[in-house]
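Q: Kindly generate the complete structure, drawing on both the sequences and the hints.
Going by numbering that gives the first Met the number 0, the residue at position 387 of the sequence shown is 386; the numbering climbs one at a time, nothing skipped.
Worth flagging that the hints you see were computed from the coordinates, not collected in a lab. Among these hints, one or two may not hold up.
Said to hold, decoys possible - For lysine-lysine, the following BS3-like pairs were computed, each having C-alpha atoms within a straight-line distance of at most 25 Å:
(1) K580 - K599
(2) K476 - K550
(3) K554 - K615
(4) K611 - K580
(5) K248 - K233
(6) K472 - K523
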Amino acid sequence: MKSNLRFLLRRSLGEHARTYSSDVGEINIPKRIHRSPTDILKALSGTVGVDPTAAHYKFHDDPYLMPYSNPSKRSYALSQEAGRKAAQWVRQTHADLFQHKVADPMIEAFVPKIEFSDESTVSEQVLQTLIDTHQVSDVITVYQIMKKRETGVSVVTKQNILELVCFYNCQDSSDQWVEENWFKQSTEAKNVTQRLGKKTWKDGGFAEKIFEEVLQEGGDVSSAHCALICGMLKHGQVDRAWKMIEECKQKGVNLSTSVYNELLKKSVFLRESHDMVWQFMVETMSEMNSVGIQPNLDTLNSVLRCLEAIAGNKNTKMNAQSILVEFKNLGIEPSLASYAHLIRIFVRDTGRLSGVIRSIIETLEKNPEQIKPRCPTDNLFFIRAMDAIANTLGDRELADRLDKLLHKSDYSLVGSSFSESVYYRCYFLLLMRTSEIDEFMDLYYKFVPNIYVPELGVIQELMNAVEAQMGWKHIPKLWGDLVLFEQVRTNLVAKLLSLAAQGASEEPSLAPEMAQVCWSIWEKIQGGTVRNFEWSGEMMGDILNVILGGKELGKAHIIMERIDRAQDTMTGEPALSSLEKYVDACLEAGNVDAALRCIKYCDSRGMVEVEKLLAKITGSGIKLDGPQERVVYELQKKF
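A: Rendered as structure tokens:
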């Protein structure tokens with residue numbers, strides 16, 4: 000028995016030993032993946048979607064402090080940024096009061112900037128730090144101080160200074176003021192050639208002086224020339240830049256890809272006709288190939304940008320397609336900016352535009368990783384694509400797919416505040432034309448007002464859609480939004496009152512609700528908070544009609560009194576049907592005086608229906624007192 004037990008125990012232990020000693024192979028530890036400081040935040044943000052019911056994070060999360068109209072959003076955001084500017088000014092002006100270092104590690108942005116003067120302690124290391132942080136004006140100041148003291152600056156540092164001042168044209172960048180840049184009026188509507196050709200280069204300025212010093216001290220001739228030429232081309236000094244390029248070619252100075260890219264952008268200013276512009280670009284790209292300069296994405300976008308400027312040429316579309324194929328063969332995939340230029344090139348050819356945009360959207364749907372900023376002008380894509388889809392093609396399906404791409408990707412690609420408004424204006428107007436009113440209002444509730452505030456034109460079109468599709472139940476929402484968006488205008492209120500009158504007539508069950516809307520409009524206007532508003536007779540008639548439909552005779556008396564008092568200053572007249580309805584309601588309530596006042600108003604306005612209205616009183620069976628009989632008699636004498 001014991002021997003059998005020992006045998007089973009040895010067998011069991013042996014099996015376990017064989018199990019744990021089995022060959023598991025070599026363990027490969029993967030290489031460490033470099034993570035940026037914000038990767039965790041990006042991963043967390045990817046787990047949640049955009050909440051359209053929440054206001055932008057830059058606004059206070061408080062219903063009393065949250066702006067809803069475009070003017071208030073602008074003023075709130077810019078006021079907050081003005082506060083930051085003021086804080087920076089105080090910190091800079093009274094730097095001696097902000098010497099405490101409470102942050103560890105120290106946050107450079109919270110430390111007062113050093114004010115440099117002739118007495119400041121400066122060195123090449125200080126100069127290089129300023130270059131790295133792109134403080135252009137301070138770089139120029141410190142360099143001039145060192146030059147006065149005859150302190151040596153290496154030619155490498157001078158080359159870095161040259162590249163910095165050429166890029167920024169000797170001016171500090173305004174990129175830190177996010178809200179100002181966001182709310183700047185877009186120049187997209189201006190002619191592309193005008194935008195590209197504006198000259199801002201400072202002739203004979205600091206950049207050209209430091210360029211001469213770099214050459215005199217034996218710096219890299221090619222790098223120095225490339226920096227200066229790029230700066231001149233970037234800031235509109237095309238003629239001098241072209242002459243310098245020709246000199247470099249004659250002297251055998253090598254030019255960089257950046258120089259050729261900037262040169263391609265300015266092709267429309269170097270040649271006269273469209274064909275000559277295209278020929279110049281072909282020659283430039285051939286020259287790049289002959290000298291062994293590899294093109295990049297900026298090269299592609301520079302060519303497409305110029306082709307956009309000459310889109311009227313019959314060969315431009317074919318040339319654009321051949322360029323895209325050529326660059327794809329080189330392994331250079333187009334960016335969103337490339338697609339934006341392509342859309343503008345084909346926008347006049349409606350027959351082919353649909354295929355171009357559909358192909359672009361299909362490509363981006365299959366490769367969502369391409370929907371990311373790779374070029375400074377990538378934010379042009381969504382606004383141009385939606386504009387073309389809505390206003391040229393009228394394709395609802397493409398518009399929905401494009402909008403889905405935007406909200407699944409980096410939303411900053413929508414561009415500035417102006418671009419965002421244009422994008423949604425085009426989208427909303429298309430949806431209004433292609434959707435039932437209830438379906439459209441579902442989307443309206445989703446995006447308005449936190450993401451988009453409709454402009455006056457969009458609200459006008461929405462009212463037209465409500466009228467065409469008899470969506471009377473949405474009238475209270477429209478009035479509430481007019482107040483919320485600070486868009487109470489005479490023409491919009493007149494249209495809304497007309498809709499309320501139609502709605503109360505078409506659906507009597509909505510009459511009380513329409514009466515509430517009209518009375519709310521009356522109280523809002525009479526409250527004096529709306530400027531430059533003028534009542535018309537037609538508007539007053541609509542209010543009178545709707546309020547009577549809601550069985551609010553007391554309020555109708557107030558409206559009629561205003562109509563009577565303002566008859567000499569108010570344009571137009573109330574509809575006779577509204578006045579007749581008022582007379583009937585007054586007689587039903589036994590108020591003959593109010594009915595006679597309305598008839599006297601009709602008589603003063605020369606209406607021919609006065610006799611008909613008088614017959615209502617005389618035939619009502621109501622006993623008239625002496626003054627009332629005299630009024631009736633005086634009116635009857637005129638017939």
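Q: It remains to establish, for every hint, whether it holds in the given structure.
A: Each hint tested on the structure:
1. K580 - K599: holds (15 Å)
2. K476 - K550: Holds. K476 to K550 sits at ~22 Å (cutoff 25 Å).
3. K554 - K615: Judged against 25 Å, a Cα distance of about 22 Å means the pair holds.
4. K611 - K580: Roughly 13 Å between the alpha carbons, so the hint for K611 and K580 holds.
5. K248 - K233: holds (20 Å)
6. K472 - K523: holds (21 Å)
Checked against the numbered hints above, the structure violates none of them.
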